[in-house]
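There are 2 protein chains.
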Amino acid sequence: MLMSKLLGERFKEKPADAFLDSHIFLLRGGYIRQVSNGIFTLLPPAKRISAKIEKIIREEMDKIDGQEVLFPVVLPADLWKESGRFESVGSELLRFKDRTGRDMLLGMTHEEAAVHLARSEAKSHTKYPFMIYQIQTKFRDEPRSRGGLIRVREFTMKDAYSFHTSQEDLEKYYARVLESYKTIFRRVGIKNVLAIESDTGMMGGSGAHEFMYLSDGGEDSIVICEHCGYQSNMEVADSVITEYPSEETDIEEVYTPNVKEIDDLCSLLGVEPHETMKAVVYLRADNEKPLVVFIRGDLQVNEAKLKKVVKTEIYPFNDYEECGLCFGFIGAYGLDGVETVFDKSLEHCKNLVCGANRENYHVKGISVPRDLNIDKFDDIAKVNDGDRCVNCGNPLVIKRGIEVGNIFQLGTKYSGSMGMTYTDQNGQLQVPVMGCYGIGIGRLLACILEDSHDEYGPIWPYAVAPWQVHICMLNPSDERVREAGEKLYKELSQKYEVIMDDRGVTAGVQFADADLLGVPYRVIIGKKNIANGEVELTSRDKSFKELVKIEGVMQRLDDLTKAVK
Amino acid sequence: MLMSKLLGERFKEKPADAFLDSHIFLLRGGYIRQVSNGIFTLLPPAKRISAKIEKIIREEMDKIDGQEVLFPVVLPADLWKESGRFESVGSELLRFKDRTGRDMLLGMTHEEAAVHLARSEAKSHTKYPFMIYQIQTKFRDEPRSRGGLIRVREFTMKDAYSFHTSQEDLEKYYARVLESYKTIFRRVGIKNVLAIESDTGMMGGSGAHEFMYLSDGGEDSIVICEHCGYQSNMEVADSVITEYPSEETDIEEVYTPNVKEIDDLCSLLGVEPHETMKAVVYLRADNEKPLVVFIRGDLQVNEAKLKKVVKTEIYPFNDYEECGLCFGFIGAYGLDGVETVFDKSLEHCKNLVCGANRENYHVKGISVPRDLNIDKFDDIAKVNDGDRCVNCGNPLVIKRGIEVGNIFQLGTKYSGSMGMTYTDQNGQLQVPVMGCYGIGIGRLLACILEDSHDEYGPIWPYAVAPWQVHICMLNPSDERVREAGEKLYKELSQKYEVIMDDRGVTAGVQFADADLLGVPYRVIIGKKNIANGEVELTSRDKSFKELVKIEGVMQRLDDLTKAVK
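Residue numbers (my numbering), protein chains in the order written: chain A, 168 to 732; chain B, 168 to 732.
If you are wondering where the hints come from, they were derived from the structure by calculation, not from laboratory data. Careful, some of the hints might be misleading.
Identical copies carry no separate label here, and so any pair may be met within one copy or between two of them.
[Stated by the list, open to error] Straight line, CA to CA, 25 Å or less: simulated SDA-like cross-link-like pairs of lysine to any residue:
(1) Lys294 / Ser660
(2) Lys230 / Lys358
(3) Lys222 / Glu235
(4) Lys219 / Ser660
(5) Lys172 / Met585
(6) Lys222 / Glu664
(7) Lys339 / Ile717
(8) Lys219 / Glu664
(9) Lys294 / Ala185
(10) Lys294 / Thr276
(11) Lys427 / Thr267
(12) Lys214 / Glu235
(13) Lys456 / Glu419
(14) Lys694 / Arg670
(15) Lys358 / Ser660
(16) Lys248 / Lys264
(17) Lys264 / Glu254
(18) Lys179 / Tyr295
For clarity, every value in this text was computed on a predicted model and none was experimentally measured.
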């Protein structure tokens, strides 16, 4: 490739509205251009990187017996009605009608399509287990697309679906996929990816891992114990709840005018937050009734955990007027006619302050075991930085991460609801157990960049670099420089992917552009060195720089790349 | 790959509603499954073939300096409003609104997206010419999907767009693409593809070729002169119009009660169809007014040619009551107040019958040069089988074809309407000239099958076959057979893509399935031959069958495949 012909303008200025390094450099280096909110065109360098990532993923999927297929982007709504997701998934699922008025949608994930295919093609146990995968465009009508390729609406994804005759077989295969994913992330050259336990979310199922690239720019929170290695997504993380023993006292109502916040209450009464009981009100999506959650005043509600407990989507509750609840003064003592959930932090508390269920009053001295008749305490508390690890008791740290892949044990959620069966060895019909496994190609590309760059641009790992060698002809109008450039371009292209700067622009512009393209090795041909028959060989990560005879460039590159190939 | 694990059931019965051989075998062989009308999932064998076709296309596109990009599937309607196609294209363009209510569409072709990208990235003449291409999913809400992968709604397409600083440069590049396409079709192993001149249709522009695979099952008509090599799509085809000299006579009105058809008129008056003038009425799409077309009675109107003449879409005219035209008796003599078009077949006719513009009357003896005052005759006649070639005068034949690719000289239709410019050598802003070039991957796959199969299934060309060697273990329970199978599977897999039938089903089932998978070479391991240390080596096209020592199989395959690789 000649730089003079490469499509894509590069520029120096930090683009407005771009804050993540990957977003900034993908724009500045001419890798991506936005077409609509969260919808991008990939320019040649990004397309080349994507193709290399995809090739590595294909090789690893094939190694774990994956069979590549291609599902449609546009799916009939009927399939999603079978699984129940046409109704249950929100407006991120893009629904529309085709010319005949039939309900259709854009696939954002393909469990339904996979079951649709597999249920007619795998009717005997002898076919099991098997895994099918595809690399294909998906659309998710994301309300808050951001960060370039980090959170988009249209994206290319590798998604895989495995089918098994038992949970044990699924778990065995799941472990293989987990290892396969580690290999993929190692091969594409990204470090700092953790496989952590996660919530199964809208996918349903019995177990899941997210592969999190640790990054301050990430939207996900991860709870880590650096002592014992405990790692968990905040959504499912646990920690030891500190207990504060206290004595039972009598119940007493106190006048607390206009005191609706825990902090104000503590100041007024001279107590600590952990000596209070907080009420948080949600609206249940399924029956549209309020749900009052009680938790110790020093803790926060983990809504992902709460959703699992109440088995429905929940929303913030805003209908203060009509519900009969006394907002700001809601308490568990004497509260009737509304669904409640109690966090297990409250189980042994004996001297708490809580709302009195009447305006401007609280109650002191509530003993949960004595005064409240609670069947069941649930774990719905959020882990805080510094909480103690449930495994080893050491302090937990909370880090930010970006999800670059996920794997789920789905169980029979989709195969069951969509009526998929196979005949087992005894001639009986059985429902297969499923797993599903995703990697977003574009997001992974962006995270590789996040993981490997300097202030001048990306430092692409060798395995995914758009080109491997970048030749700079500093003075292409000089005959010897041009001759050497053309000779090296031709010679090196036999073994490497080479891009050559033939534009005749200044060395400064050439180097700045080369930094933005992030090609691992650079051959610089200048007037002075060429007089000695030499060129400069450098690496993009600026770790070395040496003069090499023109005839020796290929050999030196071979030596250098031996380790990384 | 082991047959026991390959996803996809194969079956013997001809599927209902499948008439084309490619459709039948793609279903019977477990290549495709319909998900919705015109929307298919590709199973592993079809995905493998597609990947090979795509690889060949990529290599050829790169050879003509193509740069691969990836445009979005979902596009904002704004881009198509800029080009005018949001309004001008019919309901095959799938339009919808995203969650914010913004008009969006599914890309069915990407001229707008290409200009959107290129106009911000190619502002200087030094970048020109350049070509960008992608291989990507498209959606066209086709009212009549049919024939399996021949006419679908969702499809994978290679589409390419070139940008030039002059029409001459475009034509030079266009010629390179034409050769590149011939190479692609040769490499994927399809014969009987013709590059023929075609109409530019909704793409606009100044010149176009369609690559037509000749097939009786095709929907397109192609006019061919087998003598001089003239080839043309029916839509733009010309032929010599046979002239029938006649003498001028006087005009005479004749009573022709209820005679509205040319044949009836000829019977009644004892004349030949070429002695009549036919009127055909259309509705212009732009001003919704009627358009009366006159043509000699023995010829038909070619609507594609007519559209070019009147520069608008045309529809059948149905509003018989209100328009003031005397249907069945419309004639050019004495007709006023309506737009007319005259075919050049009429130019020299001197004794014609035509309608009298009053119920139940015709006029005889019309001499076009004498009686009608016509400014301009246009070529709007359809070619008939047996018409004479305009180049050499020999008879033309009409064949059926399926379009597997097309190339267009677009000119400035999109660059102009979308405000794309570059700065030329003199610092002046100029509008670039464009070309666009498409190949449908799935349709090409189906046509390769149409072109190469027997009554038992596909005979895949070596370059695109899903696997290259198919091993049949006739009795896998026999130890020597199994050992030989496993040894050969391992050995041959080092060099070839191998599928092995390990199911232990009958030889009949194995051979029938192998025929449906269409793999070029087959190694048959049976009890009898293995006793002599031999296996049978055959080809899918049944052109040879020989016994080979187990140790010699690899060498023999190397010899056989040397020619086809």
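Structure-based check of each hint:
1. Lys294 / Ser660: Result: close only across copies, 22 Å inter versus 45 Å intra.
2. Lys230 / Lys358: within (22 Å within a copy, 36 Å between copies)
3. Lys222 / Glu235: both (12 Å within a copy, 16 Å between copies)
4. Lys219 / Ser660: both (18 Å within a copy, 23 Å between copies)
5. Lys172 / Met585: between (52 Å within a copy, 23 Å between copies)
6. Lys222 / Glu664: both (16 Å within a copy, 17 Å between copies)
7. Lys339 / Ile717: neither (54 Å within a copy, 37 Å between copies)
8. Lys219 / Glu664: both (12 Å within a copy, 21 Å between copies)
9. Lys294 / Ala185: neither (49 Å within a copy, 27 Å between copies)
10. Lys294 / Thr276: Intra 24 Å, inter 39 Å, cutoff 25 Å: intra-copy only.
11. Lys427 / Thr267: neither (56 Å within a copy, 36 Å between copies)
12. Lys214 / Glu235: both (20 Å within a copy, 7 Å between copies)
13. Lys456 / Glu419: neither (31 Å within a copy, 89 Å between copies)
14. Lys694 / Arg670: Close inside one copy (16 Å), not across copies (68 Å); limit 25 Å.
15. Lys358 / Ser660: Answer is neither: 29 Å inside a copy and 33 Å across each miss the 25 Å cutoff.
16. Lys248 / Lys264: Both: 15 Å inside a copy, 21 Å across copies.
17. Lys264 / Glu254: Answer is both: 16 Å inside a copy and 19 Å across each meet the 25 Å cutoff.
18. Lys179 / Tyr295: Answer is between; shortest inter-copy Cα gap is 23 Å, intra-copy 55 Å.
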